[in-house]
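Trainee: If you want the building blocks of each chain, they are given just below.
2 protein chains.
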Amino acid sequence: MTTPPPSSSGPASGEQRLLERLLAGDKGALARLISWAENSDARYPGLMRALQPRLGQAWRIGVTGPPGAGKSTLVNELTRELRRRERRVGVLAVDPSSPFTGGALLGDRIRMEERTIDAGVYIRSMASRGSHGGIARAAVDACDCIDAAGYAEVVLETVGVGQAEYDVVTAADTVLVVLCPGAGDGIQAMKAGILEVADVLVVNKSDLPGAERLVLDLEEAVHIRANSGLARSGDEWSAPVVACSAGTARGLEDVLAAIESHRAWLRAGRLDAARAAKRLAHVRRVAHEQLDEELFVKRGWETRARQELAVGKAPWDVVEGLLRSLREQA
Amino acid sequence: MTTPPPSSSGPASGEQRLLERLLAGDKGALARLISWAENSDARYPGLMRALQPRLGQAWRIGVTGPPGAGKSTLVNELTRELRRRERRVGVLAVDPSSPFTGGALLGDRIRMEERTIDAGVYIRSMASRGSHGGIARAAVDACDCIDAAGYAEVVLETVGVGQAEYDVVTAADTVLVVLCPGAGDGIQAMKAGILEVADVLVVNKSDLPGAERLVLDLEEAVHIRANSGLARSGDEWSAPVVACSAGTARGLEDVLAAIESHRAWLRAGRLDAARAAKRLAHVRRVAHEQLDEELFVKRGWETRARQELAVGKAPWDVVEGLLRSLREQA
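If you're matching them up, the sequences are chains A and B in order.
Be aware that the first sequence starts at 1, since it is given in this note's numbering, and climbs by one per residue.
Be aware that the second sequence starts at 1, since it is given in this note's numbering, and climbs by one per residue.
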């Protein structure tokens, strides 16, 4: 009988064990690592350094759209279908700002919980406030964790309202914008912004009246954009419009086929550049958080700003003074 | 007959004229100044420095809540009522991220346009993406502009989803969280977050079934919070719950009375500290934008980060290296 030797329980060896558990597919280890990322724990950077060579294998699918479009149902069905294809799936649901729609999402999450008993599915919710820093920073780090843990697909779901949520979803490789009929005259207003973000336009609840009209409207908008100056070059991806009914799983194959097409298109020589841009954006987000700590807290900018504001200095002038002190060092 | 002398049209004199027009109540001048703020125009800081002594007169009312709660109707009616009391009102509507609910808000805005023919009302919409920097930074600067222009009330409306929108609304002196019956079981989930933000809880559409129940639920939640460790000190404001029906203008007086109570409470020796904290948060937001420009653009951090990422360095390690170079200067 082998008894494990008493572990020399320095934090470094604890981290080594966490790493081993993570690579062995332990969901608890993954959950721990994501929590460290969320809280900017000092142990996170070292672990991710070790995991860096394992990154980039997962395909990151962003799912966004207005409240009520049926995103969570779609994510649930997509997950089921991907599992049928024997892909391991990590789902990161970025709930919108704690208070307001948390309840509705909670309901959707409960349906999603069916998936959690499957060892090949990892599900995590992240509140869009409450993490140490910005939500986009924490969400992208969480995707990295799931990627490093060996999941083949990461589904990143956000409610598409607000700049932070936009930042989150654009960190994905393929972005699905989910709409449903009945949004009415909102369509005109949303076209421009949607087309900018979407790699695949999904018209969900396709059995409802108005679905065909919405598909046609969106297709026309995509077409107009492709032939206008808005498409920056000849090498622009043109988002397909796919109708589906996530509730009855109809059209799901088409959604997956559209994701697959976009993936193939990116992989034909475009993926490295696309991901490099997203990594750079992430460096900026991490830097913004760390700079605040470094300058406002450690270097006393906070105290100085407080004093200058107290004597009536304008905020922009306070900042200009702080930046000047930084420049003078250089 | 007096002919105006040909103006010496250097930019400085142009800014002086803008200032004069602003102080004379010219809405076009105010619109121009807000656009400068939005775009971080180089002329903005100088003008705001000149206007600094005029700031702080306006009362800033934040209005937030989930989509469909009737925020815009309430803002419209509040504006009407404040005008009846001969207060000049500036309304800043921060639309959520361009694409998704822009349409619905647009409809509400059209109703609001009735107010625009009134010289004592200024209305401005701000997209929550597309401004040079963060939306909260731009929105608070826009409030400063409206304040400096002499409006007695600034109403700051956001859809309460997402971190950026939360940042916006918490820059207000008095925050109204607007809810309506029918949100159902979401209430439990939202209580904590709502109570943290709200100075006044408004139950809108009070003629709908479930309104009384919602009022009672919220009152109970406020009561529980007041008697728990969540309220930080004995000197905590306890948010009143006010029922109203903005569509029929019923209960509006009560909403205004609640705002007035909160204003009186803050003015009893608490306002300076509350506003100082908000100004400091604003300095941080301005600094984050300016630091990105200073370091990533002017100092070449962007190029360096790009190179280091290209050779497989982890984002957090890239940032650590950049920060080290900053520390070594100090």
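It is possible that part of the hints are untrue.
You can't tell identical chains apart in this list, so a pair holds if it fits in one copy or across any two.
Unchecked claim - Straight-line distance between alpha carbons at most 25 Å, and here's what the computed SDA-like set of lysine to any residue pairs gives:
| # | residue 1 | residue 2 |
| --- | --- | --- |
| 1 | K278 | E289 |
| 2 | K27 | A226 |
| 3 | K27 | A274 |
| 4 | K313 | D272 |
| 5 | K298 | L326 |
| 6 | K298 | R284 |
| 7 | K278 | P209 |
| 8 | K313 | E219 |
| 9 | K27 | R213 |
| 10 | K313 | R54 |
| 11 | K313 | R299 |
| 12 | K27 | R87 |
| 13 | K278 | T73 |
| 14 | K298 | R324 |
| 15 | K278 | Q52 |
| 16 | K313 | L19 |
| 17 | K27 | P209 |
| 18 | K313 | A152 |
| 19 | K313 | A226 |
No wet-lab data here; the hints were simulated from the structure.
Trainee: A separate judgement is required for each hint: does it hold in the structure or not?
Mentor: Outcome of the hint check:
no.: 1; hint: K278 x E289; result: both (17 Å within a copy, 19 Å between copies)
no.: 2; hint: K27 x A226; result: neither (43 Å within a copy, 38 Å between copies)
no.: 3; hint: K27 x A274; result: neither (29 Å within a copy, 43 Å between copies)
no.: 4; hint: K313 x D272; result: between (46 Å within a copy, 15 Å between copies)
no.: 5; hint: K298 x L326; result: both (14 Å within a copy, 13 Å between copies)
no.: 6; hint: K298 x R284; result: both (20 Å within a copy, 14 Å between copies)
no.: 7; hint: K278 x P209; result: neither (38 Å within a copy, 48 Å between copies)
no.: 8; hint: K313 x E219; result: neither (52 Å within a copy, 41 Å between copies)
no.: 9; hint: K27 x R213; result: neither (43 Å within a copy, 41 Å between copies)
no.: 10; hint: K313 x R54; result: between (50 Å within a copy, 12 Å between copies)
no.: 11; hint: K313 x R299; result: within (20 Å within a copy, 27 Å between copies)
no.: 12; hint: K27 x R87; result: within (16 Å within a copy, 58 Å between copies)
no.: 13; hint: K278 x T73; result: neither (27 Å within a copy, 40 Å between copies)
no.: 14; hint: K298 x R324; result: both (17 Å within a copy, 13 Å between copies)
no.: 15; hint: K278 x Q52; result: within (15 Å within a copy, 39 Å between copies)
no.: 16; hint: K313 x L19; result: between (50 Å within a copy, 19 Å between copies)
no.: 17; hint: K27 x P209; result: neither (42 Å within a copy, 44 Å between copies)
no.: 18; hint: K313 x A152; result: between (53 Å within a copy, 22 Å between copies)
no.: 19; hint: K313 x A226; result: neither (49 Å within a copy, 36 Å between copies)
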